[in-house]
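S.K.: With the hints as constraints, model all of the structure from the sequences given.
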Amino acid sequence: MNVDIDETRVNDAVTGSFFSRVWKLVTPYWRSEEKGMAWVLLIAVIALSLFSVFISVLVNSWYRDFYNALQNKDLGAFTHLILYFCGIAAIAILGAVYRLYLTQMLTIRWRRWLTEKHFTKWLAHKNYYRLEQGGYTDNPDQRLSEDLNNFTSDTLSLSLGLLRTVVSLVSFSVILWGVSGSIELFGITIPGYMFWAALLYAAVGSWLTHLIGKRLIVLSNQQQRYEADMRFSLVRVRENAESIALSDGEANENQRLSARFGMVWSNFWTIMKVQKRLTFFTAGYSQIAIVFAFVVAAPRYFAGKIELGELMQINSAFGNVQENFSWFIDAYTQLASWRATCDRLLSFRQAMDDNEARVPAIKVSHESNALHVQGLELSLIGGRQLLNNANIDIAAGEKVMLSGRSGSGKSTLLRAMGGLWNEGHGAVKLPAKRAFFLPQKPYLPIGTLREALSYPQAPEVYPAERFAQVLETCRLSHLVPRLDESNHWQRMLSPGEQQRVAFARALLFAPDWLYLDEATSAMDEEDEAALYQALIDELPGVTLLSIGHRSSLKRFHRRHVRIDQGQLKEQAVAESTL
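Counted the way the numbering used here counts, the sequence shown spans residues 326 to 903.
Honestly, the hints are just simulated from the structure, not real lab data. Accuracy of the hints is not assured; some may be wrong.
Said to hold, decoys possible - DSS-like mimics (lysine-lysine), calculated; alpha carbons at most 25 Å apart, straight line:
| id | residue 1 | residue 2 |
| --- | --- | --- |
| 1 | Lys754 | Lys894 |
| 2 | Lys766 | Lys451 |
| 3 | Lys758 | Lys451 |
| 4 | Lys349 | Lys442 |
| 5 | Lys360 | Lys442 |
| 6 | Lys879 | Lys451 |
| 7 | Lys451 | Lys349 |
| 8 | Lys758 | Lys688 |
| 9 | Lys539 | Lys601 |
| 10 | Lys451 | Lys688 |
| 11 | Lys894 | Lys879 |
| 12 | Lys688 | Lys754 |
| 13 | Lys446 | Lys360 |
| 14 | Lys349 | Lys360 |
| 15 | Lys688 | Lys446 |
| 16 | Lys349 | Lys446 |
| 17 | Lys630 | Lys398 |
| 18 | Lys539 | Lys598 |
| 19 | Lys688 | Lys879 |
| 20 | Lys879 | Lys766 |
Stated by the list, open to error - Pair by pair, the computed Cβ-Cβ distance ranges are:
| id | residue 1 | residue 2 | range |
| --- | --- | --- | --- |
| 21 | Leu533 | Glu358 | 43 to 49 Å |
| 22 | Val589 | Ser568 | 24 to 30 Å |
| 23 | Val616 | Val562 | 52 to 58 Å |
| 24 | Asn812 | Lys360 | 38 to 44 Å |
| 25 | Gly486 | Ile433 | 45 to 51 Å |
Each residue gets a CB set at the ideal place from its N, CA and C atoms; glycine is no exception.
M.R.: This is the structure we're talking about:
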């Protein structure tokens, strides 16, 4: 099942359910443990936004008096009004600076809270693994980074902008209604006709803007996805640089990267065409708006019913009302981007919710001192069956080797035991003891070598001298002086060294049950034997379940089980060194 999260919610996004789901994404922060500071900052930002509207109203009245002073050649009034304007401007600058500063403070606090919650949700219930394996989402890194950043900043920007627009609209509508007077049209007297002219002008403009630019929503969504896909492909080249270089795969990778960029290019070119048409309209709309008020108010001015100052006040008030009515036009591109961001976040969260609500087909429990696999059937996501009615019991302290042909289901069986695989049915009862898994390719986090060894525990959990001991035991004594060196160890160490670090990690953790999935595939037989012997010597009661192909492993296990044609079959055991 491959669900494109950017397309499955398109119908949802154009209905009321979209807004109800966005509301559920927005509101938790304002009821959280940080609600006190959040509301204080929000109220302060709103107050400063309303204050800016008040300043605009003062400036509008100033326009009338200033142009009347010019018309009357009144130097005293002119000087007074200039000083008055300087005072208003200074206060306006101070308010604008702190409005921006407090808005940014609120934005980053909200983003931090949302990011931490999404990190927790993504890492819970193995969402990060199952969503990736099942193909339910693409580029979760983009959703957790860019989308959350854009969501918080755009939501506040659009919400506060809309609030300021509404308040400004009401304020200047009252002014415009009062100063515009009435006009007789087709025998009908229309009071406050400039207000109705502004409303009609903005309504037609908003409708045409949506008609021209509605494709931007889908195109913005696609652009974000294509950009993220290209970044992911570039990261893949970096991660596999050595393999690509040894294979002389540069031409192939160039072709792949060019194809990825080709999608970015093609989609962006389409966006350019849509935005060109939209800009033609919005730019023309804005230019006409500059003179529209003068044209409509000119008859009253030339008839001597209003003075120059009143004409300029009408133009200023008309400009504010028209601009506020046209908020949708000016914010359309940002709205399109915001909705695309919401679609990605909401569908990402929905995919995680669906995974958490999914009833496991394979029941995994921790309730005994032994391991019991009962009636287990495993299949791949594509449908091919791997195991059929598999049963096995492993008692505490046993050493069991599991083998089989490549693709027979050995690693998948181990994933099912770890609660990672859900394609199939049956039951796995795991012992309620300390367990540890060693995969073929261990994960080494970026940081100090001490942190990589202790993962997933903190280094402080173990005695400091123990780190050097396990490194020497695992034939990594050359790394002892580098324990506190911070590095990208997965790049610095060879595959064999990485696997030996994983064995050292297991010795530190000292589990009761240890599951190994071809954990020595990159080692030579001498190192493999030394490390298995170290496990047996230092963890005398440990239970081993090892997946492997090499016959050299057999002597460390008293039981040999092979997957053959979907069945688990016991094999005869040769002489063991145990």
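S.K.: For each hint, tell me whether it holds in the structure or not.
M.R.: Evaluated hints:
1. Between Lys754 and Lys894 the CA atoms are separated by roughly 19 Å; this keeps the pair inside 25 Å, and the hint holds.
2. Taking the CA atoms of Lys766 and Lys451, the gap is near 19 Å; set against the 25 Å cutoff, the hint holds.
3. Taken as a hint, the Lys758 and Lys451 pair is honoured in the structure, with Cα atoms around 21 Å apart against an allowance of 25 Å.
4. In summary, the hint linking Lys349 to Lys442 is supported, as the alpha carbons are separated by about 14 Å, within the 25 Å threshold.
5. A C-alpha spacing of about 15 Å is found between Lys360 and Lys442, which places the hinted pair at or below 25 Å, so the restraint holds.
6. For the given pair, Lys879 sits about 33 Å from Lys451 by alpha-carbon distance, which is inconsistent with the 25 Å threshold.
7. About 23 Å separates the Cα atoms of Lys451 and Lys349, which keeps this hinted pair within 25 Å; it holds.
8. At roughly 18 Å between alpha-carbon atoms, Lys758 and Lys688 fall within 25 Å of each other, so this suggested pair holds.
9. For the hint pairing Lys539 with Lys601, the CA-to-CA distance comes to about 13 Å; that is within 25 Å, so the pair holds.
10. Distance restraint check for Lys451 and Lys688: the Cα-Cα separation of roughly 15 Å lies within the 25 Å cut-off, and the hinted pair is therefore satisfied.
11. The suggested pairing of Lys894 with Lys879 holds, with an alpha-carbon distance near 15 Å, which does not exceed 25 Å.
12. Under the criterion of a C-alpha separation no larger than 25 Å, the hint pairing Lys688 with Lys754 is consistent with the structure, at around 8 Å.
13. Between Lys446 and Lys360 the CA atoms are separated by roughly 21 Å; this keeps the pair inside 25 Å, and the hint holds.
14. Proximity of Lys349 to Lys360 is assessed by CA-CA distance (about 16 Å); at most 25 Å being required, the pair is judged to hold.
15. Proposed proximity of Lys688 and Lys446 is supported: the alpha carbons are some 22 Å apart, at most 25 Å.
16. For the hint linking Lys349 to Lys446, the alpha-carbon distance of about 15 Å falls within 25 Å, and the restraint holds.
17. For the hint pairing Lys630 with Lys398, the CA-to-CA distance comes to about 20 Å; that is within 25 Å, so the pair holds.
18. Distance hint between Lys539 and Lys598 is fulfilled; the C-alpha atoms sit about 13 Å from each other, no more than 25 Å.
19. As the CA atoms of Lys688 and Lys879 are separated by approximately 30 Å, the hinted pair breaks the 25 Å bound.
20. The suggested pairing of Lys879 with Lys766 holds, with an alpha-carbon distance near 21 Å, which does not exceed 25 Å.
21. For the hinted restraint 43 to 49 Å between Leu533 and Glu358, the CB-CB distance of approximately 46 Å keeps it satisfied.
22. Take Val589 and Ser568: their Cβ atoms lie about 25 Å apart, and the range 24 to 30 Å holds.
23. Taking the beta carbon of each, Val616 and Val562 are about 55 Å apart, inside 52 to 58 Å as hinted.
24. Our hint of 38 to 44 Å for Asn812 and Lys360 holds, since their Cβ atoms are close to 41 Å apart.
25. Checked against the hint of 45 to 51 Å, the pair Gly486 and Ile433 fails, with Cβ atoms roughly 19 Å apart.
Comparing the model with each earlier hint shows violations of hints 6, 19, 25; every other hint is respected.
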